[in-house]
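**Q** As you go down the protein sequences, you meet chains A and B in turn.
Numbers in this note's numbering are just positions in the first sequence, counted from 1, shifted up by 848.
Numbers in this note's numbering are just positions in the second sequence, counted from 1, shifted up by 5.
Quick caveat, the hints were computed from the structure, so don't treat them as lab data.
We put the beta carbon where it would ideally sit given N, CA and C, even for glycine.
Do not take every clue at face value.
To be verified - Pulled from the structure, derived: some chain B residues nowhere near chain A, Cβ distances all over 12 angstroms:
| # | residue |
| --- | --- |
| 1 | Ala42 |
| 2 | Asn120 |
| 3 | Arg481 |
| 4 | Ser555 |
Stated by the list, open to error - Output of the computed footprint for chain A on chain B, the stretches with three or more beta carbons under 8 angstroms from beta carbons of chain A:
| # | stretch |
| --- | --- |
| 5 | 10–24 |
| 6 | 127–135 |
| 7 | 429–435 |
| 8 | 537–547 |
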Amino acid sequence: MLSGEIIAAWATPPGVSALAVVRLSGDGCVRLAEALLGLEDGRLSGGMRRARGEVRRQNHTVDEVVAFSWPEGRSYTGEEMVEITCHGVPGRVREVLKMTFDLGARQAEPGEFTRRAFLNGRMGALDVIALSEMTRTGSTGVGESKIGELCRCLEESLARTMELLEGNVEFCEAHGLRPEEDRLRDQCSELLRRGRKLREAAYGAEKPRRVHFLGPRNAGKSTLVNALAGKELALTSPEPGTTRDGVSVVVEMDGRGLELRDSAGVSGRGLEAEAFGRALRSVEDGDLVVWMSEGPEPGPPPELQQRAGRIVRVVSKADLHRVSAGGMRVSSLTGEGMEELRRTLSEAGETPLGACSDRMVGRLETAMRILQKGDYALTAEILADVKRMLSGLMNGSVEGMGKAVERALDGLCVGK
Amino acid sequence: MSPGTVYDVLVLGGGHAGIEAALSAARLGCRVALVAADRKRIGEMSCNPAIGGVAKGILVREIDALGGSMGRGADACGIQFRMLNRSKGPAVWGPRKQEDADLYSRWQLKNLRLNGVEVLEDVAERLLGETSEVEGLRCRRLGSVRARAVVIAAGTFLGGKLFRGSEQWTGGRIGDVSAERMEQDMRRRMFHVKRFKTGTPPRITRRSLNLSVLDLQEEDGEGYLFGHENSPEGPGRERCYLTRSNRRTAEVVKRFIDQSPLYGGRISGVGPRYCPSFEDKVMKFPDRESHALHVEPMGIDSRWMYLNGLSTSLPRRAQEKMVRSVEGLRGAEIAVYGYAVEYGYFDGAELNRTLRLLRTGNVFAAGQVCGTSGYEEAAAMGLLAGANAARICREEEPVRLSRARSYMGVMIDDVVGKGLTEPYRLFSSRSENRLHLRPDNADRRMAPVAERIFGSAGEWLEKRLESAGAISKALRSARVEGKSLMEHCRRPEVGTEEVLHLAPGIGKFDAELVRSVVLDEKYRGYIERSERRIEQRKRMENVALSGIDSYRSIREICYEARVVLERERPATLGEAAGLPGVRPSDVEGIIVHLARERST
């Protein structure tokens, strides 16, 4: 039985659904899932097992999930496999998927589960029928969009750089040709430039992730939004209930667009209550909510918990209170906790297309460093990695990146 | 040869492939004879007097690890050493030695004798017996020479034809006869013999050159050995020179191009793209004003110099004009004029990965006669062919090599089974596992192969593995910044040199071996991934597509891919995946189709 490195993908159709499945395959993926769900070692190993668990990042719960595991030889792919059933909120599914990457899995290449299943002789008649339907609906990858154009630019530049690199390795010295270190460096810089351009567009292409600031009156929401935006957007005062209706601003954090939405506080009467209700209703699936309060109480209302993609709890006015309970301690005044909050928000703003291009840029930067250290073979290896990622991005498939990109591109106009 | 003798292994050809084939068979205890037209020309460097280079240098080390003679011979007869790609990373270092060509021939002949290989001076005319069960070779002088297995390592001699301007004669190389009858016999037996061409530059008399105006190419690094034995290093040192052709050289080519056998259409075989004739360089790159030419001695105090880069088959008069147009070569006298060779080679489909000719039970082939180019490529194939011929005699299973573990494996995998479109030369980029296939770990990589072929890796290799194990242990137990030194050296910013000074006691080990172990660790993640990819690809290659009559009806494949697949008709799923225009989702479509067929 052939077993490959651990691959992961969002395996169910994109969009909002009651449940969604993140699929893992490869030697060691059961242990990875145990770690992801915070289960004790061995809970999912040794046979077909099922376990409930919580996927947590730092100290907040990303999702409550159920995992099913299969041992080698008895799964769809024939390898060790895990399927994690999450709640079908896209933001949460993405987060779960991203965390499997952090634990050592990599995004499955297009069609990789199927390929492994087939090669291990594990495909049954029903699998074929299901797959046939899915493949026929087809997928277009990045297609004729602006992103597609940038991908092709990067691909072309990548091919040229790799060619030049190989030429330098194989021929230059043996044939008494002058080494082309400068040209190679220039081409690598160009490559990096194109990668960054793609990343920029990738983040720009997707609607900025919306972040709602909700919580009791006078928790300091507007002050925090102003501090994050770096300018006065909302009128603030020590008097509770100054903000009446949603004010929003789009900011950039690490190249990712985030729309920060300030809102009126909870509990009030009349106009205030109505404004809060409106703010609550405007929270859509996958949106991020920053729930602010001065202490551990009150917590976010249950209807919000159902709807939001993720809730980050923040205890405000850290400069005034010494208690630390109920969430991240932040003070807009002294700046305490602001860095951490920024980081959390910027991470939350990451999208699959963005994340993939981000990873490519990261690899390209590494390649550049390695080239400067004079290891051409390793540079070539890393560029080949980027090429594979790019082709995963550009070619649609049943599972994985292809679909994810398509989804991200839904809102894109052709030739933007 | 005494009458009635039946050899175990009979090797046809005394070139670099033939030598290694004979030696590895002898090492397996076989009675071996080698047929060559002229014993003095055994191991001759018919083209450039150098061994090694990028990727090729690694092959030499792999050959040495398997007990071959090329590395030790190159060390004993080397006259200048250079490490190509020194500044481009240890995985692509290309050790290369300039050789005393005559001395090398003598060294190899003597080494054959020392190892009990009988040299028969003769020209083979045909195989003896049925194709399926060959009984030996029929030779011109000795008549029937019987053997239980045969290795054909005929180089360019199989129906070899030589060309220079309008001159044309038969021969395997200049001054040698051609195995014309042998080629006819192979064709009569319905072997698929195709033709390639290659060429060689003129040799110049040393005293006719003005070396003082040429750029000197100094030796780079000392004491590098291809071989594992501490053989005395070479007969002395020599210098190489660099000059360049110019516009006048190109003009001569253009003026005489209609007299070129290549451009006149008299040679039909395809030549090596990566080692083109000078005519090709000029005609294909008309804008390039000049091309580099290396002036290399053929040996210590040799009378002749080799003009690397000026391979040509133009008429003598044109060659004189070309050579004399070059700076430093104004008064050059040509000792041997350049010429082209066209020769027969076996199509890759005739061979399997043990290098046996498929339709025979006991005939193997190696080297240029399989479509490769280069001494190192030939030697590596020869070694395996000889070993497998011997294993057949010993009624043992022949050995195959993995492309994940050696350049030998990469090359044989590339050459065998598919049709080549040009003479095959090894490049480092042909390997998907380049970070692993380094010169520094060739010995350790090949140890399991040596064990498989010869029953044991040999004492020196085992010692080497032992020291490598001890080094790993030392690196694991030494602590740096709270981690083991082994983990520490995985960090990209930690250089291999640094590691040598970080742990007490590490200095007592061979520094080269320490570096090698550290590199293994540094690249480990990449290497593991590459190996998995190779495995996956191999699995895809094993899925035959011959059952698919038409791609038109497979609705899961997009239109563009259908057209490509209909036209190209790939034999395997792996081939299909490699076609331009076939996307991963189309491969998936093919899989769906295959699985559907299988389940109904």
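**Q** For which of the previously enumerated hints does the structure constitute a violation, in increasing order of number?
**A** Hints 5, 6 are the ones this structure does not satisfy, whereas the remaining hints hold.
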